[in-house]
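Line by line, the protein sequences are chains A and B. Anchor point for the first sequence: position 42 equals 42 in the numbering used here, and the numbering is continuous, going up by one each time. Anchor point for the second sequence: position 372 equals 372 in the numbering used here, and the numbering is continuous, going up by one each time.
Hints in this document: simulated from the structure, not taken from any laboratory. Glycine included, C-beta positions come from ideal geometry on N, C-alpha and C. Just so you know, not all the hints are guaranteed correct.
[To be verified] If you want the footprint, here are the derived chain B segments under chain A, 3+ residues with CB under 8 Å:
{"hint": "1", "segment": "389-400"}
{"hint": "2", "segment": "458-472"}
{"hint": "3", "segment": "483-490"}
[Said to hold, decoys possible] Ranges of calculated distance between the beta carbons of each label pair, as one might list FRET restraints:
{"hint": "4", "chain 1": "A", "residue 1": "T448", "chain 2": "B", "residue 2": "L384", "range": "18 to 28 Å"}
{"hint": "5", "chain 1": "B", "residue 1": "G54", "chain 2": "A", "residue 2": "G53", "range": "28 to 38 Å"}
{"hint": "6", "chain 1": "B", "residue 1": "L462", "chain 2": "A", "residue 2": "P37", "range": "14 to 24 Å"}
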Amino acid sequence: MSLLAIEGAATLPILNTLIALPLLGAALVAVLPKNSPGLHRQVGVLASGSAGGLAIYLATQFETGVGGFQFETVQSWIPALGISWHVGVDGISLWLVVLTGVIFPVVLAGIDPHGDEKSYTAWMLLLQAASFGAFVALDLFLFFIFFEIVLVPMYMLISGWGYADRKYAATKFFLYTMFGSAFMLVAMLVLVSLSASDGGLSFNLVELAERQSLSQNTGRWLFLAFALAFAIKVPVAPIHTWLPDAHTQAPTGGSVILAAVMLKLGTYGLLRFGLYLFPEPSVYFAPLLVTLGVIGIIYGAIVATVQGDLKRLVAYSSVAHMGFIVLGTFALTTQAITGSILQMVNHGVSTGALFILVGMIYDRRKTRLISELSGLQKAAPVMAAVFTVSMLSSIGLPGLNGFVGEFLILIGSFETRRWWTVVAAFGVILAAVYLLWAYQRVFHGEPTEADLATPDMKSSEFLVLAPFLVAMVFIGVYPKPFLERIEPSVDTLIEHVEQHSDYERPEDVVVIPAVGQDDSEGAEGE
Amino acid sequence: MILAQLSNFEGPSIDWLPLTPQIILVVAALVILLVTSLSPAKVSDSFSTAVTVGSGVAAGVVAWFVWNDIRDEGPSSTVAGAVGVDGFSIFFTILTLSALVATSLVGHSYIKREQMAAPEFSALLLLTAVGAIVMASANDLIVLFIGLEALSIGLYVMAAMQFRRREAQEAAMKYFVLGAFSSAFFLYGIALVYGATGSTNLVNIAAYFNTIGSRINNLELFYVGMALMLVGLAFKVAAAPFHFWAPDVYQGSPSPVSGYMASAAKAAGFAAMLRIFFVAFSRTSADWTPIVAVLSAITLIVGAVMAITQNDVKRMLAFSSVGHAGYVLVAVQAATSDGTSAALFYLFTYTFMVIGSFAVVSLLGWNDGHDVSRYEGLARRRPLIAVAFTVFLLGQAGVPFTSGFVGKFLVIRSAVDDEIYWLAVLAMVVSVITAFMYLRIISNMWDREVDVADAPRLSVPLTTGFVVVVCAMITVVYGVIPQSLIEFARDAVPVLVAGG
Numbered sequence: 001m002s003l004l005a006i007e008g009a010a011t012l013p014i015l016n017t018l019i020a021l022p023l024l025g026a027a028l029v030a031v032l033p034k035n036s037p038g039l040h041r042q043v044g045v046l047a048s049g050s051a052g053g054l055a056i057y058l059a060t061q062f063e064t065g066v067g068g069f070q071f072e073t074v075q076s077w078i079p080a081l082g083i084s085w086h087v088g089v090d091g092i093s094l095w096l097v098v099l100t101g102v103i104f105p106v107v108l109a110g111i112d113p114h115g116d117e118k119s120y121t122a123w124m125l126l127l128q129a130a131s132f133g134a135f136v137a138l139d140l141f142l143f144f145i146f147f148e149i150v151l152v153p154m155y156m157l158i159s160g161w162g163y164a165d166r167k168y169a170a171t172k173f174f175l176y177t178m179f180g181s182a183f184m185l186v187a188m189l190v191l192v193s194l195s196a197s198d199g200g201l202s203f204n205l206v207e208l209a210e211r212q213s214l215s216q217n218t219g220r221w222l223f224l225a226f227a228l229a230f231a232i233k234v235p236v237a238p239i240h241t242w243l244p245d246a247h248t249q250a251p252t253g254g255s256v257i258l259a260a261v262m263l264k265l266g267t268y269g270l271l272r273f274g275l276y277l278f279p280e281p282s283v284y285f286a287p288l289l290v291t292l293g294v295i296g297i298i299y300g301a302i303v304a305t306v307q308g309d310l311k312r313l314v315a316y317s318s319v320a321h322m323g324f325i326v327l328g329t330f331a332l333t334t335q336a337i338t339g340s341i342l343q344m345v346n347h348g349v350s351t352g353a354l355f356i357l358v359g360m361i362y363d364r365r366k367t368r369l370i371s372e373l374s375g376l377q378k379a380a381p382v383m384a385a386v387f388t389v390s391m392l393s394s395i396g397l398p399g400l401n402g403f404v405g406e407f408l409i410l411i412g413s414f415e416t417r418r419w420w421t422v423v424a425a426f427g428v429i430l431a432a433v434y435l436l437w438a439y440q441r442v443f444h445g446e447p448t449e450a451d452l453a454t455p456d457m458k459s460s461e462f463l464v465l466a467p468f469l470v471a472m473v474f475i476g477v478y479p480k481p482f483l484e485r486i487e488p489s490v491d492t493l494i495e496h497v498e499q500h501s502d503y504e505r506p507e508d509v510v511v512i513p514a515v516g517q518d519d520s521e522g523a524e525g526e
Numbered sequence: 001m002i003l004a005q006l007s008n009f010e011g012p013s014i015d016w017l018p019l020t021p022q023i024i025l026v027v028a029a030l031v032i033l034l035v036t037s038l039s040p041a042k043v044s045d046s047f048s049t050a051v052t053v054g055s056g057v058a059a060g061v062v063a064w065f066v067w068n069d070i071r072d073e074g075p076s077s078t079v080a081g082a083v084g085v086d087g088f089s090i091f092f093t094i095l096t097l098s099a100l101v102a103t104s105l106v107g108h109s110y111i112k113r114e115q116m117a118a119p120e121f122s123a124l125l126l127l128t129a130v131g132a133i134v135m136a137s138a139n140d141l142i143v144l145f146i147g148l149e150a151l152s153i154g155l156y157v158m159a160a161m162q163f164r165r166r167e168a169q170e171a172a173m174k175y176f177v178l179g180a181f182s183s184a185f186f187l188y189g190i191a192l193v194y195g196a197t198g199s200t201n202l203v204n205i206a207a208y209f210n211t212i213g214s215r216i217n218n219l220e221l222f223y224v225g226m227a228l229m230l231v232g233l234a235f236k237v238a239a240a241p242f243h244f245w246a247p248d249v250y251q252g253s254p255s256p257v258s259g260y261m262a263s264a265a266k267a268a269g270f271a272a273m274l275r276i277f278f279v280a281f282s283r284t285s286a287d288w289t290p291i292v293a294v295l296s297a298i299t300l301i302v303g304a305v306m307a308i309t310q311n312d313v314k315r316m317l318a319f320s321s322v323g324h325a326g327y328v329l330v331a332v333q334a335a336t337s338d339g340t341s342a343a344l345f346y347l348f349t350y351t352f353m354v355i356g357s358f359a360v361v362s363l364l365g366w367n368d369g370h371d372v373s374r375y376e377g378l379a380r381r382r383p384l385i386a387v388a389f390t391v392f393l394l395g396q397a398g399v400p401f402t403s404g405f406v407g408k409f410l411v412i413r414s415a416v417d418d419e420i421y422w423l424a425v426l427a428m429v430v431s432v433i434t435a436f437m438y439l440r441i442i443s444n445m446w447d448r449e450v451d452v453a454d455a456p457r458l459s460v461p462l463t464t465g466f467v468v469v470v471c472a473m474i475t476v477v478y479g480v481i482p483q484s485l486i487e488f489a490r491d492a493v494p495v496l497v498a499g500g
């Protein structure tokens with residue numbers, strides 16, 4: 001069984017190509033001579049952009065209404081250990097792959113790293129390849145090595161191109177995540193070792209998830225080990241402390257990638273290697289994780305409110321937003337999980353845009369302190385407008401992307417976790433508080449001379465943000481192409497959970513037509 | 001009269017082919033010493049290095065032929081059952097020869113810079129390699145002890161080769177006194193085990209335990225002997241709490257020698273440990289596995305905690321080498337075939353990482369400074385060396401796509417399969433602590449804001465550069481496609497074959 005293709009798979013192993021393209025780009029950048037200005041960046045944009053194009057093509061070829069994995073490729077890798085190169089996408093990972101594909105070329109093209117473009121571009125491309133790998137891996141070993149290897153390029157980006165405290169922040173980021181993975185690796189080996197007794201040694205995720213041969217107690221311990229690794233990555237409230245440092249010290253490009261892609265590895269992991277791999281323990285520990293999610297929402301929002309540094313504020317807003325996603329994930333209803341997955345993309349788009357904007361402000365003013373900025377709107381009206389839209393998307397204004405995700409999460413969670421949802425809803429209000437207040441202080445008010453001298457966005461800078469704005473409006477107005485690809489997989493996942501635990505989801509209440517369509521027939525009939 | 005008796009003496013039948021690698025190395029050492037001391041004109045240093053490398057490669061080729069024989073005909077033993085001819089001995093022969101060739105090449109440029117004596121260095125290197133190979137292939141405790149002494153005594157001298165430096169003398173003295181102590185422990189252990197089991201031959205010892213079954217016979221004597229042997233070997237592999245010599249000796253010795261100690265000498269110690277404990281004492285594994293487990297836990301913690309407090313890169317690597325001994329012990333305590341092959345894989349890949357690391361250290365170690373600040377901005381001065389060193393350090397930290405990760409993975413797996421979960425978790429958590437130290441060096445190397453314009457030009461001799469690049473490539477290749485090495489390590493699990 002060298003190449004295994006499932007219905008709808010293209011002849012070209014599209015997922016492998018996705019991983020290979022940025023790798024090739026990185027190799028090319030590495031051998032290009034150092035003193036060729038601009039060339040590295042062009043090659044980088046070309047390589048990551050073609051991967052992005054391929055990812056979008058993947059989304060168009062993706063069969064809607066199918067819950068299982070598509071574009072699957074299996075290739076034996078280390079047969080001595082039952083490890084194979086096994087990749088595939090489903091509705092849960094599809095949009096994260098697309099997000100990874102699209103955001104990297106934009107970041108590479110649009111954000112100046114301020115020095116040593118060659119290494120910067122090479123690390124970025126490696127990071128993209130590794131992120132693709134982590135999202136499409138269907139083998140535990142494969143996932144783990146991608147999950148862990150992303151640390152290296154990110155560490156290099158933060159410590160190489162970051163701000164004053166970059167070494168401290170980069171090391172903290174690396175060690176925190178590695179600490180979590182340490183437990184995950186042991187748990188993974190225990191899982192494989194214990195499951196091996198009935199059937200050969202295998203790291204195949206699908207096989208392990210279907211087998212479910214662990215005793216209840218063991219399964220719960222293993223789930224905790226996996227969940228710890230992902231909770232650190234998300235980050236969930238009490239273990240989030242690496243995030244504000246890493247975000248603040250990282251270069252703008254690094255912050256965008258960190259928020260848009262890296263954090264998603266955590267929430268994606270909770271879905272794929274939490275719910276799917278450990279259904280019973282997930283149900284058992286759901287109250288704990290939902291509580292932590294809600295704590296994250298409220299805590300992140302409150303701490304964001306009192307930040308004096310604009311970038312730290314956006315970083316803490318990430319903690320709050322990721323809290324929503326954790327809440328939705330462990331609410332265990334179709335709407336909530338679908339909303340969570342969409343919200344992963346939304347958060348990448350809106351927070352990514354906000355980080356780029358903060359980076360632009362810093363480049364112009366060499367400060368991110370809210371107290372030193374005022375009335376920027378007069379000098380930079382376009383920037384103010386773009387900031388407004390991104391901010392509103394982050395707050396969750398109807399008509400923009402954030403609303404769709406948060407609304408689905410809240411409506412879906414309300415069915416199973418009523419009181420948690422009530423508390424979480426306050427998070428939406430708090431988000432409006434800290435973002436609008438920050439906006440008010442930075443863009444309104446009396447401008448000083450320095451503020452008046454701040455140049456507005458150049459058209460090239462606007463072009464960088466244009467894809468983000470398009471995505472915000474598009475997902476906000478017409479989320480159907482996204483939801484119809486996500487939902488079948490979510491349904492399959494919840495059925496899997498129901499099958500392997502005593503959990504039963506509540507009868508779905510049809511709230512809005514776009515959401516209520518659980519079966520593929522309904523989706524096609526529209 | 002005596003001659004008449006001698007002519008009646010019938011020696012054991014000897015299969016010469018498996019012994020050829022050792023013989024080649026001994027002959028090479030003698031040739032180097034004879035030619036350089038008898039030649040009227042001064043012989044170029046390149047001669048010694050060339051002979052060393054050439055003999056190493058030749059011995060490797062022979063070892064490969066022997067390996068093919070073993071695969072066709074199965075393992076055997078020779079010299080009246082005193083020397084084992086199995087995958088295990090071939091595995092360590094190849095490991096030792098790799099370390100020998102790499103160290104010789106790195107040492108070549110180092111000797112030139114430090115104006116040391118090349119012939120002595122090469123000859124000692126060859127003889128210690130013979131000692132290491134004899135240790136790994138010994139089937140008899142006495143033979144094993146001879147190998148151990150040949151290895152150790154050579155290393156005592158090599159540690160002191162920079163005799164103008166006080167640190168080197170201190171290191172050699174410390175190593176010699178403590179090493180002699182540990183050898184004595186080991187020898188006393190052999191004596192007691194002999195007293196308890198009636199043989200020094202590993203096959204007979206294993207057979208003794210098979211025959212006595214559950215009947216207890218002289219076991220106290222055996223236990224004391226076993227413990228003393230463990231102490232002696234733990235000293236050789238630098239396992240805590242018998243590691244106190246390691247940081248000082250690694251720091252004071254010439255950098256290529258430190259790399260050699262951390263690779264070949266450590267591997268030989270583990271080879272002896274595996275042969276004795278995993279094979280000969282396998283029946284009593286319930287008695288020694290808990291001790292080794294505790295030993296590995298202490299070693300892991302000491303290695304990690306001490307490593308992060310150092311500022312001298314050589315001392316950092318020394319403590320990290322202590323920590324790596326801890327990982328191998330995790331695999332040893334599993335006392336399974338999987339564990340043993342994990343230990344072999346780990347030692348093999350670690351050899352290249354640590355020799356490469358010390359080769360880089362030797363490049364930057366002019367006038368004896370090894371402070372971590374010296375590595376600042378290395379990436380802009382010598383990008384290739386910095387990339388390679390990053391690979392070694394990430395490999396030792398156990399980052400994926402390096403052989404270090406696969407090694408750690410196999411080691412943890414053996415502990416998990418053995419259901420020693422606490423040790424598996426401890427080993428992984430410790431790897432996070434040590435990662436801090438590796439990251440410190442890496443972030444210094446890649447610091448973009450350090451002014452490197454005034455830094456002295458860093459010359460990279462061809463031989464050292466070659467070793468660094470090849471070691472880095474091996475580290476990455478076995479990280480991406482480890483299958484062949486995993487299979488080799490699996491085929492190399494030691495077996496006992498009675499003498500024919």
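Hints and how they fare:
1. 389-400: With 3 residues close enough to chain A, the hint holds.
2. 458-472: Violated, because only 0 residues of the segment 458-472 of chain B bring their Cβ atoms closer than 8 Å to Cβ atoms of chain A.
3. 483-490: Our answer is that it holds, as 4 residues pass the Cβ test (under 8 Å) against chain A, meeting three.
4. T448(A) to L384(B): 18 to 28 Å: Because 50 Å falls outside the window, the suggested range is violated.
5. G54(B) to G53(A): 28 to 38 Å: Hint violated: Cβ distance 54 Å, outside 28 to 38 Å.
6. L462(B) to P37(A): 14 to 24 Å: violated (33 Å)
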